[in-house]
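A.B. asks: Let the sequences and hints guide you as you build the complete structure.
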Amino acid sequence: MDFQSIELAFEEALRQGVFPGAVLLIGRGDEVIYERAFGSRTLVPEKCPMQLSTIFDLASLTKPLATTIAIMLLVNQKKVRLDDQVTRFLPTFGVFDKSLTTLRQLLNHSSGLAAWKPFYEEVIKGEENGKIHFVASRAAQHYVLEQIHREKPLSRPGMQALYSDLGFLILGELVETISGSKLDTFCQDQIFSPLELRSTAFIDLTQLPTRRIQPAEDMIAPTENCAWRKRILCGEVHDDNAYAVGGVAGHAGLFSSARDLHAIVARLNHCLRGSDPFLSPPLVQEFLSTDQAVSGSTHVLGWDTPTHNKSASGTRFSAKTVGHLGFTGTSVWWDLEKNCHVILLTNRVHPTRKNEKIKEFRPLIHDLIMQTVNP
0 MDFQSIELAF EEALRQGVFP GAVLLIGRGD EVIYERAFGS RTLVPEKCPM
50 QLSTIFDLAS LTKPLATTIA IMLLVNQKKV RLDDQVTRFL PTFGVFDKSL
100 TTLRQLLNHS SGLAAWKPFY EEVIKGEENG KIHFVASRAA QHYVLEQIHR
150 EKPLSRPGMQ ALYSDLGFLI LGELVETISG SKLDTFCQDQ IFSPLELRST
200 AFIDLTQLPT RRIQPAEDMI APTENCAWRK RILCGEVHDD NAYAVGGVAG
250 HAGLFSSARD LHAIVARLNH CLRGSDPFLS PPLVQEFLST DQAVSGSTHV
300 LGWDTPTHNK SASGTRFSAK TVGHLGFTGT SVWWDLEKNC HVILLTNRVH
350 PTRKNEKIKE FRPLIHDLIM QTVNP
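With the first letter of the sequence shown counted as 1, position 88 gets the number 87 in numbering that gives the first Met the number 0; the numbers rise by one all the way through.
None of these hints come from the bench; they were simulated from the model.
Note that the Cβ used here is the ideal one computed from N, Cα and C, for glycine as well.
A couple of the hints might just be wrong.
Unchecked claim - Here are the simulated distance ranges between beta carbons: (1) Lys337 to Glu10: 25 to 31 Å; (2) Asn308 to His141: 39 to 45 Å; (3) Asn128 to Glu10: 49 to 55 Å; (4) Lys46 to Arg230: 14 to 20 Å; (5) Glu10 to Pro374: 21 to 27 Å; (6) Gly16 to Pro374: 50 to 56 Å; (7) His132 to Glu45: 30 to 36 Å; (8) Arg272 to Ser4: 30 to 36 Å; (9) Asp96 to Val31: 45 to 51 Å; (10) Leu99 to Ile131: 36 to 42 Å; (11) Glu6 to Lys46: 31 to 37 Å; (12) Arg14 to Asp188: 20 to 26 Å; (13) Asp82 to Glu6: 43 to 49 Å; (14) Gln15 to Pro90: 33 to 39 Å.
C.D. replies: If you want it as structure tokens, here you go:
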């Protein structure tokens with residue numbers, strides 16, 4: 000296969016300022032058929048080259064690759080069922096007609112919960128009003144989750160889809176309540192360690208001061224020059240609400256590398272095909288099936304699927320494709336029919352989120368990739 004056209008497209012994207020740098024990995028089953036780093040990991044305070052091993056803030060890729068897999072494991076272990084009501088585990092969630100909301104509805108974004116709310120602003124105000132060390136604390140996490148429990152849904156559960164960070168914050172809380180472990184601990188013990196992932200973790204900001212450790216910033220792609228944190232973010236989650244609750248959340252907070260994400264997709268692929276006992280094939284099939292989306296939605300259980308008009312995945316993935324985007328410039332698309340996956344990790348929000356050129360680049364590069372590997 001000739002990847003020259005793909006490489007030229009990346010070089011042109013760098014010239015046009017689509018992103019400072021990127022790592023691309025194309026896989027087929029267990030095999031990595033192409034990987035390359037392009038451009039710069041950092042622009043400020045100094046320019047440093049991107050590496051294949053660079054670790055990225057995955058943003059919403061946390062949803063399918065951590066929180067959803069955690070729920071899959073709990074279902075596989077028969078500790079919970081997809082159609083269990085959330086109030087079975089979180090009784091205070093049931094106010095304002097949310098008592099019938101199920102885990103399935105949280106996973107496919109049909110719970111009726113709002114897409115997003117600026118909870119971090121209230122957390123900041125709390126610290127300004129005398130709550131010492133409230134920002135990025137467990138106390139702030141409890142406060143935010145309590146606020147979501149009190150939320151009035153915008154629609155009846157199961158009736159329509161609205162992509163919701165709030166729903167996945169609750170799913171993260173459910174993982175902790177059902178398992179008895181913190182979300183990051185559960186994911187480390189049950190997912191990342193068994194898969195021998197060495198570059199994948201949540202960065203628990205509540206532990207950094209007491210443990211006197213810092214993330215290896217020379218390995219991590221920095222994100223934005225944050226207006227309210229007043230610094231370039233590196234080794235701390237970019238998402239405002241995830242930062243406010245301490246860096247570990249069901250909707251965002253995971254950091255990883257392209258190779259580790261390849262390992263996760265390859266493992267799920269083995270499970271789907273019945274060659275790995277990590278998760279049962281029927282369970283994986285159920286989570287990835289388009290039958291799990293409500294009418295008019297592209298969201299299955301924890302994953303997205305290509306839209307019918309202008310998808311970020313382009314036009315060449317089959318109908319049996321799942322994937323997800325991350326706000327920081329990350330994405331994974333996995334074609335189950337063609338047994339091919341594309342992992343694109345960029346630092347497009349460095350040093351500012353105002354750069355949205357990646358919206359045009361994503362479909363073009365995915366078409367070029369699929370044309371090359373599946374002519």
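A.B. asks: Next step is simple, just say for each hint if it's right about the structure.
C.D. replies: Hint-by-hint comparison with the structure:
| no. | hint | verdict |
| --- | --- | --- |
| 1 | Lys337 to Glu10: 25 to 31 Å | 27 Å, holds |
| 2 | Asn308 to His141: 39 to 45 Å | 41 Å, holds |
| 3 | Asn128 to Glu10: 49 to 55 Å | 51 Å, holds |
| 4 | Lys46 to Arg230: 14 to 20 Å | 18 Å, holds |
| 5 | Glu10 to Pro374: 21 to 27 Å | 22 Å, holds |
| 6 | Gly16 to Pro374: 50 to 56 Å | 31 Å, violated |
| 7 | His132 to Glu45: 30 to 36 Å | 31 Å, holds |
| 8 | Arg272 to Ser4: 30 to 36 Å | 31 Å, holds |
| 9 | Asp96 to Val31: 45 to 51 Å | 48 Å, holds |
| 10 | Leu99 to Ile131: 36 to 42 Å | 40 Å, holds |
| 11 | Glu6 to Lys46: 31 to 37 Å | 20 Å, violated |
| 12 | Arg14 to Asp188: 20 to 26 Å | 44 Å, violated |
| 13 | Asp82 to Glu6: 43 to 49 Å | 47 Å, holds |
| 14 | Gln15 to Pro90: 33 to 39 Å | 53 Å, violated |
The structure is inconsistent with the numbered hints 6, 11, 12 and 14, although it conforms to all the rest.
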